[in-house]
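Student: Each chain is listed here by its residues.
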Amino acid sequence: MSLLSVDHLSIGYQTKKGMLKAVDNIRFDLEKGQSLGFVGESGCGKTTIGMALMGLLPENAVILGGHIRFQGEDLASLTETQWQTVRGAKIAMIFQAAMNALNPVMPVNEQIKEAIITHQPDISKTDLADRMKELFDLVDIPARRMKDYPHEYSGGMKQRAIIAMALACDPALIIADEPTTALDVIVQDQILREIKKVQEATRTGLVFISHDIAVVASVCERICVMYAGQIVETGTRKEVFKSPRHPYTRTLLNSYLSLDNLNDIRVPDMKESPDQMIDTDECRFAGSCAYAKGCAGRSPDWIDISPTHKAFCCNPDMIRRGHGKS
Amino acid sequence: MAKPGYILLKLVEVGIIFFVILTALFFLFRLSPGDPISKMVDPMLTPEDMAHLIQQMGLDRPMWEQYLIYVKNFFTGHFGVSFHYGEPVATIIADKLKWTLLLFTTSTLLAAFAGVYLGKIAAWHKGSRLDNVMSVSALVCYTLFIPWFALLLLWILGFKWGLFPLGGVLTPALWISNASVFARILDVLHHLMLPLLTLFIINLGSYLLLMRSSMLSVLREDYILTARAKGLSEKKIRNKHAARNAALPVITSVGLSLAFSINGGALTEQIFTWPGIGRELIFAVSNNDYPLAQACFLLIALVVLCANLIVDLLYAWLDPRITY
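Residue numbers (our numbering), protein chains in the order written: chain A, 1 to 326; chain B, 1001 to 1324.
Calculated directly from the structure, the hints in this document are not laboratory data. One should not assume that every hint holds.
[Said to hold, decoys possible] In silico SDA-like links for lysine to any residue, alpha-carbon gap of 20 Å or less:
#, chain 1, residue 1, chain 2, residue 2
1, B, K1236, B, R1220
2, A, K238, A, A89
3, A, K147, B, R1220
4, A, K147, B, W1317
5, A, K147, A, D130
6, A, K147, B, R1321
7, B, K1072, B, L1299
8, B, K1126, B, A1247
9, A, K197, A, T181
10, B, K1235, A, L57
11, A, K147, B, I1021
12, A, K293, A, P274
13, B, K1235, A, P121
14, B, K1236, A, D130
15, B, K1235, A, A89
[Unchecked claim] From the structure, some residues in chain B lie toward chain A, with a derived Cβ separation under 7 Å:
#, residue
16, E1221
17, Y1223
18, K1230
19, N1245
20, A1247
[Stated by the list, open to error] Distance windows between CB atoms, simulated:
#, chain 1, residue 1, chain 2, residue 2, range
21, A, H67, B, K1240, 30 to 38 Å
22, A, R145, B, I1282, 57 to 65 Å
23, A, E31, B, V1136, 53 to 61 Å
24, B, L1139, A, H151, 34 to 42 Å
Built from N, CA and C at the ideal position, the CB exists for glycine as well.
Build out the structure end to end from the sequences listed, making use of the hints.
Tutor: Rendered as structure tokens:
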């Protein structure tokens, strides 16, 4: 049994103009101790997936279909009270610390203690103190800074504190939503190492969400590339990076500046994202796709490249042979 | 947290501002038209008597001398004798102040607590029928014209239904007789109800709206999402994480209202014939009763200045981000 198994999940937002399908027929599995990254541009639905896994979707969101099985239990059918026993205890979230993710009027250690006490109300004072010390050690915050207020921390320290908070109850699954986006690259690197180290040490499942493909690649073993609510390519880090097959993945990688393509950055001429109000089976990327030939009116399908590597496209031949050097 | 040095600096600042107010008040009164003697005109008064009175009150001395005497008296705790009552100003103010404090401080505090509590609930159930009813009622309360509303309550509850007395603070007959302390307290409370209700309802609206909007902006903060992600119960999120942050701006407002509550409300006190500072102040100003009016204004200035300082310090204590 997988730790997490998401099956045909679709999530829509009820808007004034109608239903916007933000997540469309998503499938993925995650085993204990594995890490899976979601990458894609803003609005592609990656955060919606994260929020659905936490039961924290906004009020106007509707789960249109599918299942989220976590340790064999279907999360999509939980009530709010049942969710409260899952959140923080079995599934925890690492937020972006740049904003006010920590309450400004509470000392940091109180906020982390709160997470522990909520799920272990009977914990003794000494056990609680031991656990706190352990957590702060784990994320490398000196114990004397425990009682400080969030504004007395640097950005990196705040992010570490948030990681410690997520780890407080030894969750089986951690969801990290853009945890390093607002940090400078050096601190970002430290935090990413921290997350990886902790995840490997605790054998926790990790779902890592970011718009930054380099960040995702440095943390995750497997990657899902998302476009307009759908997963368009999935594979191991090496597969997606070394031989991207889907035209969108190639576009995403090409728009990245690296020493190899310093004089040859091809920021593609992307059209606006497709209108997700329209429910269609047709390829959503066709409008911006450089390889689209006769795709209009056809529905894309999953094409296997290897047992772990798949892409979602109308053009199986092109996907299977790859298309030149990326 | 505020440092002792900052508190000292602030106290010096308060002292300087107060001295400026003290001076401004003195000259403001002397510049205003009319003189105290003409207000107590007795047709029988001879010019010699008038001159004698003026001399007795010290009004024949040069302005600067009057000012120096005024400052000296203030710092030695002599606030003078009321021109009108012929009694020490301090005695008059002490007598009026207790009634004003009883009415205005009580109503401000009650309205603040109720407003914060109801505003919190309204914001939490934003968009629901409960929220709509509370917000609209609060808006109506907030825009009520005090004299109109006071008279309306007085007319219905006091006159038509006879539930409450029409004015004053006590029933003289009861106080002359040997009624028990308990009966006397009950009597004052009975008189207090109607003006208290008026002020409570009017103040409640603004505190409710203030807390509601403050709470709504706090609820959008990321740390509320963090609190949810920890698995906290809704009640804990609302009371421990949201309400505490949302109450901060309300505290400023309450602090200042409390300070201003010592000057009472001229209109309310007039309508309910409540013998407080507000009524007395109007009387003193219109009768050019310099010592009484000056002392009233100085008292208000002092309390407002101190309240500002206290709110400042309180804020630093409640919000760890603020350091002085």
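Student: Hint by hint, say whether it matches the structure.
Tutor: Hint check results:
no.: 1; hint: K1236(B) / R1220(B); result: 16 Å, holds
no.: 2; hint: K238(A) / A89(A); result: 33 Å, violated
no.: 3; hint: K147(A) / R1220(B); result: 26 Å, violated
no.: 4; hint: K147(A) / W1317(B); result: 16 Å, holds
no.: 5; hint: K147(A) / D130(A); result: 15 Å, holds
no.: 6; hint: K147(A) / R1321(B); result: 14 Å, holds
no.: 7; hint: K1072(B) / L1299(B); result: 17 Å, holds
no.: 8; hint: K1126(B) / A1247(B); result: 17 Å, holds
no.: 9; hint: K197(A) / T181(A); result: 19 Å, holds
no.: 10; hint: K1235(B) / L57(A); result: 19 Å, holds
no.: 11; hint: K147(A) / I1021(B); result: 44 Å, violated
no.: 12; hint: K293(A) / P274(A); result: 18 Å, holds
no.: 13; hint: K1235(B) / P121(A); result: 16 Å, holds
no.: 14; hint: K1236(B) / D130(A); result: 25 Å, violated
no.: 15; hint: K1235(B) / A89(A); result: 18 Å, holds
no.: 16; hint: E1221; result: 5 Å, holds
no.: 17; hint: Y1223; result: 4 Å, holds
no.: 18; hint: K1230; result: 4 Å, holds
no.: 19; hint: N1245; result: 6 Å, holds
no.: 20; hint: A1247; result: 10 Å, violated
no.: 21; hint: H67(A) / K1240(B): 30 to 38 Å; result: 34 Å, holds
no.: 22; hint: R145(A) / I1282(B): 57 to 65 Å; result: 58 Å, holds
no.: 23; hint: E31(A) / V1136(B): 53 to 61 Å; result: 55 Å, holds
no.: 24; hint: L1139(B) / H151(A): 34 to 42 Å; result: 35 Å, holds
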